[in-house]
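S.K.: Now for the letters of each chain:
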Amino acid sequence: MPELLITIITIAIVVGAIPGVCNYLILLERKLSAWMQDRVGPNRVGPLGLLQPLADGVKLLLKEEVIPPHVDRVLFLIAPGISVFTALLAFAVVPFGPVGVDGAPGFLRFIIAPGIDIGLVFIFAVGSLAVYGIVLGGWASNNKYSALGALRASAQVVSYEIPLGMSVLGIALMSGTVNLEEIMQQQIAGGFAAWNIWFQPLAALLFFTASLAEANRLPFDLAECEQELVGGWHTEYSALKWALFFLGEYTHMITISFLTSILFLGGWHLPGIAEPDSAYPLAWLVKMLVLMGKAFFFICMMIMLRWTIPRFRFDQLMELAWRVMIPLSLANLLMVMFVRHFELSNWWMLPGSAALFAAWGMISASLREAERRARPGYVRRKKVEAHHDGHAAGHAAAH
Amino acid sequence: MNEWMQQHPASIGGLVLWAIGLLWLMPSGKPGKSRPGLPGIILAAAGVLAFCLGAGRGIDTLQSEVMFWTFALTALLCAALMITSKNPVYGALWFALATLGTCGLFMLQSAPFLAAATIIVYAGAVIVTFLFVIMLAQQSGAAGYDRRAQLVVPAVLSSFVLLGVVVQQLQTNPLKVERPGIVAAEKQSTTKGSATSPPPLPSPDAPIPPPPPVIPAMLSKATPETPVGSMKGLGRSLFGDYLFAVELAGTILLVASIGAIAIAPRREEGAL
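Sequence order for the protein chains is A and B. Just so we're aligned: 215 in numbering that gives the first Met the number 0 is position 216 of the first sequence, and the numbers increase by one with no gaps anywhere. Just so we're aligned: 83 in numbering that gives the first Met the number 0 is position 84 of the second sequence, and the numbers increase by one with no gaps anywhere.
Some hints here could point you the wrong way.
Claimed, not checked - Partial pick of chain A residues on the chain B-facing surface, computed with a CB cut under 10 Å:
1. Thr6
2. Ile8
3. Ala124
As the list claims (entries may be wrong) - Here are the simulated distance ranges between beta carbons:
4. A:Gln315 with B:Leu72: 42 to 48 Å
5. B:Ser157 with A:Leu107: 52 to 58 Å
6. B:Phe67 with A:Gln315: 47 to 53 Å
7. B:Ala244 with A:Gly271: 36 to 42 Å
8. A:Gly80 with B:Ser109: 26 to 32 Å
Keep in mind that the hints were calculated from the coordinates and are not lab data. Ideal Cβ positions, reconstructed from N, Cα and C, are used throughout, including at glycine.
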């Protein structure tokens, strides 16, 4: 089949599937949050509320589109478009199934643009453009709250891009490529023990956290912080334009989940079920479902994180990026360089990551204590008696 | 130089027209007395057209021709709009679009990593920081000094003189830059070609043409495993051939960032 036709079919599949999936992710989010808070959640439309996304979609389509008179019309209208465009464009180099595996029907390629040598860098490049949707939407709204949200978004994205890129540099060094298909293929060929998560657990944590911040998900959604900024950058948006912003956000979530599974969890590999030599009928389908299952796991994790952790304060957000994540990702990169240079076993990186994490925790704790001491009006805590020490210290920390 | 000017009147005229058009379009900052933009646009467009026709280049396939002109005109148009727009936010946005156009040209030159890195650094970080500063500092509309262009005549004059000199140099003595991956393929085809038809021997009367200037072959050659556009080839070239330049640039950037931290006001001095 001609290459062009396959590409068009793949694009059609992706563009057709993602809005529907995003719709149901919103239902999943509402159901999961209801479950976590001991509520019922949406259950009126269809069995178990399963038709709720359709009703929501129709509602958003038919709602009145309000364009306030004081906005900058051009930028106000293109901002949601930029949001969706960049989110979808980043998905073009993400393999969403077993690329190049025998048995799959010819028209299914599982990736829109195969063989992109700079795959990972491309995703970061396009992802760094995604903030324009928020910044322009907030600025064009000509509203103090929106502008503040846009300001916060721009500072946040510029800061978190650094740990995001630096955390995966270790993987690029280990596998000698930034091509996503090749990174996945190397892990699959090596089997369960070659999953990158064993060598780069710290990088996985940093990557996942930084990409949550890039996607503006709670606890990093300072840009739309409701209790301070009404709705943040989308205060003035309504109906489908508002929905487009969230289509962009959920698409970003999907991309991140696929990326994390491909970079750290071995892609479609699952020991015993989806091996490179498993040849039972419909093996390609199982492999695709394995990859999607991993991505689904990360999506569920993001949703549950949202309903567990409260929002950061803005200075905490900046501190996390500049004082914790950037130094840690640099140290992680140095560790990979060290191991590669002296040709040690990759397994040294597992205790190394743990040691880095522990060391940084201790440094942060002592820095915080020193900062507290430097504050004016610092009262030295009373010494507690020796046999109560551990208990009392725990209490003091809790206060 | 003179010879070239006589040979390429269209290029020179185009450059001059283009510069005058841009000068006309520069924001003057007087809200009541803004010049009508149309004459400037016409002049600049005519200038660009004449310049492109005069300094035109030959590309082989229609596809790359269309893509080249699309990206090049996007970059040029957005750059012109960037310096002529009255609103600093729009100026920053046109800057971002001009960067994207330039990155398209990088892609056409099979430098995808350079393109992606430029997008990350310029469109993704630098311009977002500009927007941040503009929005933070001027929430009640742009300040007066941001609504008019500064040092218009020297800026336009120097940039267009520079452009003219670059084009003149490129046209009078074109550099034969060895592009490793492509050269390897070409060499194969020429060796095959020369096997069938040997090059004619130069007749003894004819003056020997001067050899085209070739960049010294100190660059690391690309192999079939590491073609020219790949990250591996780029990394080898950067950290092999240009190691000194890379380290120097890194040191300068480090000094600059230390200096920025040193001169930034401390919190006690009233910073945010």
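S.K.: Evaluate each hint against the coordinates.
M.R.: Status of each hint after checking the structure:
1. With its C-beta approaching chain B no nearer than about 16 Å, Thr6 of chain A sits outside the 10 Å limit, and its interface hint is violated.
2. Residue-level restraint check for Ile8 of chain A is violated (minimum Cβ-Cβ distance to chain B is 22 Å; threshold 10 Å).
3. Using the Cβ-Cβ criterion of 10 Å, the hint placing Ala124 of chain A at the interface with chain B is satisfied: the shortest such distance is roughly 4 Å.
4. For the pair Gln315 of chain A and Leu72 of chain B, the beta carbons lie near 46 Å from each other, so the given range of 42 to 48 Å is met.
5. A hinted range of 52 to 58 Å for the beta carbons of Ser157 of chain B and Leu107 of chain A is consistent with their spacing of about 56 Å.
6. With their beta carbons about 48 Å apart, Phe67 of chain B and Gln315 of chain A fall inside the hinted range of 47 to 53 Å.
7. The given range of 36 to 42 Å is broken by Ala244 of chain B and Gly271 of chain A, whose C-beta atoms sit roughly 52 Å from each other.
8. The hinted range of 26 to 32 Å is satisfied by Gly80 of chain A and Ser109 of chain B, whose Cβ atoms lie roughly 30 Å apart.
Taken one by one, the earlier hints fail for this structure at numbers 1, 2 and 7, listed in ascending order.
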